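There are 6 protein chains.
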Amino acid sequence: MSLRIEHRIGKLAMQLALFEEEVEGESFPFALAEKSGYQFCKGKVGSMDAHKVVAAIETAAKKEQIIDGSFYRETHALYHAIIEAMQGVTRGQVQLGTVLRTVGLNFAIIRGKPYDNEREGEWIAVALYGTIGAPVRGLEHETLGLGINHI
Amino acid sequence: MSLRIEHRIGKLAMQLALFEEEVEGESFPFALAEKSGYQFCKGKVGSMDAHKVVAAIETAAKKEQIIDGSFYRETHALYHAIIEAMQGVTRGQVQLGTVLRTVGLNFAIIRGKPYDNEREGEWIAVALYGTIGAPVRGLEHETLGLGINHI
Amino acid sequence: MSLRIEHRIGKLAMQLALFEEEVEGESFPFALAEKSGYQFCKGKVGSMDAHKVVAAIETAAKKEQIIDGSFYRETHALYHAIIEAMQGVTRGQVQLGTVLRTVGLNFAIIRGKPYDNEREGEWIAVALYGTIGAPVRGLEHETLGLGINHI
Amino acid sequence: MSLRIEHRIGKLAMQLALFEEEVEGESFPFALAEKSGYQFCKGKVGSMDAHKVVAAIETAAKKEQIIDGSFYRETHALYHAIIEAMQGVTRGQVQLGTVLRTVGLNFAIIRGKPYDNEREGEWIAVALYGTIGAPVRGLEHETLGLGINHI
Amino acid sequence: MSLRIEHRIGKLAMQLALFEEEVEGESFPFALAEKSGYQFCKGKVGSMDAHKVVAAIETAAKKEQIIDGSFYRETHALYHAIIEAMQGVTRGQVQLGTVLRTVGLNFAIIRGKPYDNEREGEWIAVALYGTIGAPVRGLEHETLGLGINHI
Amino acid sequence: MSLRIEHRIGKLAMQLALFEEEVEGESFPFALAEKSGYQFCKGKVGSMDAHKVVAAIETAAKKEQIIDGSFYRETHALYHAIIEAMQGVTRGQVQLGTVLRTVGLNFAIIRGKPYDNEREGEWIAVALYGTIGAPVRGLEHETLGLGINHI
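Residue numbers (the working numbering), protein chains in the order written: chain A, 1 to 151; chain B, 1 to 151; chain C, 1 to 151; chain D, 1 to 151; chain E, 1 to 151; chain F, 1 to 151.
In short, the hints are calculated from the structure, not lab data.
Be careful, since some hints might not be right.
Chain copies aren't distinguished; within one or between two, either way the pair holds.
[Stated by the list, open to error] For lysine to any residue, the following SDA-like pairs were computed, each having C-alpha atoms within a straight-line distance of at most 25 Å:
1) K113 x S70
2) K113 x D49
3) K63 x P135
4) K52 x H7
Note that the structure is predicted; figures quoted are calculated from it, not measured.
One chain only, chain A, in its complex shape (with noise of 0.2 Å):
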């Protein structure tokens, strides 16, 4: 692919959001720290309700001042991957407690230049990890989910 190899915004994304401090002998994913252009932060949400992930995931971006929230342009490139990887995540029907079940995930988000022609300009990443299953502690398995956009 045209993607520069270490430039693999979706890896990096995933990667993040695969990562747990707590988890011994597990690294920091090397690329992201060598890369300065590339701006990410993590985070986590865990709901019944789809849209508390959709916006805990947006208020972390304006924070961490991955987008500008002043922008719609902005905003709504975020939106698109968001729902994206909630598609990954859901597999079928973007619904949580609707169809009584609960998320507990891990989020990144990632933005930069990933392609080697300057004038593709910057793209976001979304990339999600974490559980779903029924209400009920333990009664889960894994999900994830990623979303790339233009930005």
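Here the structure of chain A is known, so what remains is to put chains B, C, D, E and F in place on it, guided by the hints.
Only chains B, C, D, E and F this time, still in chain A's reference frame:
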């Protein structure tokens, strides 16, 4: 979560799908090698036909003896895991060429017992990572998906 | 419900689709025979192409004069009933061979007036019952669906 | 099909859901009574909330000991069977009140071994039959769905 | 197409929904006024709840006597036209607030006979036009949809 | 809405798609001609293949220089706008021939700056209007859709 951290079958499957030998400095997902109880395989498939992606993964799973293809039960579990992973990849419609797009994907399949409680039995995870885009080289971005099912 | 119990068009359609002559001791849905006001037909179709399932049902409905194919109105009502029934059969994506699966279905079509109030007019029900699975004999389970529309 | 005719778990579940005691001359699905190997239960639920339909079926399945709710494995198998049945009922969006409609449903759950080959193990079927429509009595038509999963 | 050009019910409905009195120089869709055979009404609704959009359109249709709400038949035809129009508006999931977005919509409903052949009878069209976006003023873009059904 | 009334890109795109030269008394959408800042083109496509509809619109957009096809960024923005417009046209499944239906569509593509704030940059709108129905002349009704994306 009640999943043993080192047994997270979905995370391991995704890490395996993300792993590329040709990337310098990238190490094979360490955890897998240590877990003799897990069966896994990895492969690649590129197609404009969603059914060829399904077939490639099913064929690999049977050939590598991850599932016993002579049982419907195991085929059924794998099929649903594949379709769920494809929903993450396609984000809305499990369609490729019929909506003028194509994929190039790494896939990883893992089978094992991810839960502490032995009686939860075996589960299967299918992870996909690669690119999706127009049927023109370079007009593509990354995509991924994960499906998990009891088997 | 305000549907006259003995006039439940959906239940009758499903019973008709479930009925198999070759099953010993199984009797033809009694209610239908007694309701001269209802028109109905029954058929079979097996395919990996969703459009062939649609075509088989439309053809039977016209040939058996359940609908008058020279009107768009009646074709439109039947088409939506078929697609709704197929959603029950396919559960998520109205796709068969494109996601590597095939169906073998009995279908039943009934037309009549199921409501007490004469002015509710005629309705059409399409019921499907059979198997869905991999394109390999035996790797399949049962599936069914029902579509109902005013006509 | 390789399903033993008398063991068709989906057909039996649907017949059970369709069966109404109050309908004169209607006999209880005979086959079920003869199959001591099958576990089953029946219930009713009416709601504008999809999650309440899911909850009612899960609760009945646990209370009637069709599944062992202390395992995630069994809960997971049942959950997917319920959602698949709801896709037949809702035909497109697993939504009720959020799109201003309500359901009144009979449900039947059956667990057993429908395949000749003993090694195919146990499967679970969830059948739904009732009405869907506006939240006004009488403004409704019939609907049904079936979900089948290995357990 | 065999629809009489001047009778295109969908086009007229959309033109009516697009029409804004406050826009200087914009004239009321001329064709409608001339067609005494067509019944129509227009209204506005803004909400984060999809069911409120459905309710607002149903209420207007009954109040303006476009449909006779005492029949299920007419309510059923209208309901499906509304949901189809909402699919154009929402493009993928008929969800608003549950995925953190809101709409402000003009709606137009037209009932009449758009086909040359008198026997094709009456049809109903529901057109929606407005904005969709985040629940923050200005973070929105235009959206529209059309649903057509026989009645 | 904060969209300048005379700059509503979606409304203009829809008006352009609705406009038919052959209809007596119908005037070309006036606003477009006055807005030298907007680029637009119009075309027609009829097919049973969804991918041919996508291809026809993409080809026109490139040939008429609405987008620069040598960039993935612009192709990506256009592709999503097309798929969103097709969701309005197909209302549920972005499928045509695979569910035995065909379309005949006018399409309009507009690119420009619809927001007062210059920094919101360029957006693209794809509007579709025509008929959908059985692959038999006359068995069809109108359909339309709109997709809008930042570019």
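Against the structure, the hints:
Taking the closest pair of Cα atoms, K113 and S70 come within 25 Å of each other both inside a single copy (21 Å) and across two copies (17 Å). Proximity of K113 to D49 under the C-alpha cut-off of 25 Å is found in neither arrangement, the shortest distances being 32 Å within a copy and 30 Å between copies. Taking identical chains as interchangeable, the C-alpha atoms of K63 and P135 lie at most 25 Å apart only when they sit on different chains, with a minimum of 18 Å there against 30 Å within one chain. Taking CA atoms no more than 25 Å apart as the test, K52 paired with H7 passes in neither setting, with 30 Å inside one copy and 29 Å between copies.
Against the hints set out earlier in the document, violations occur for numbers 2, 4.
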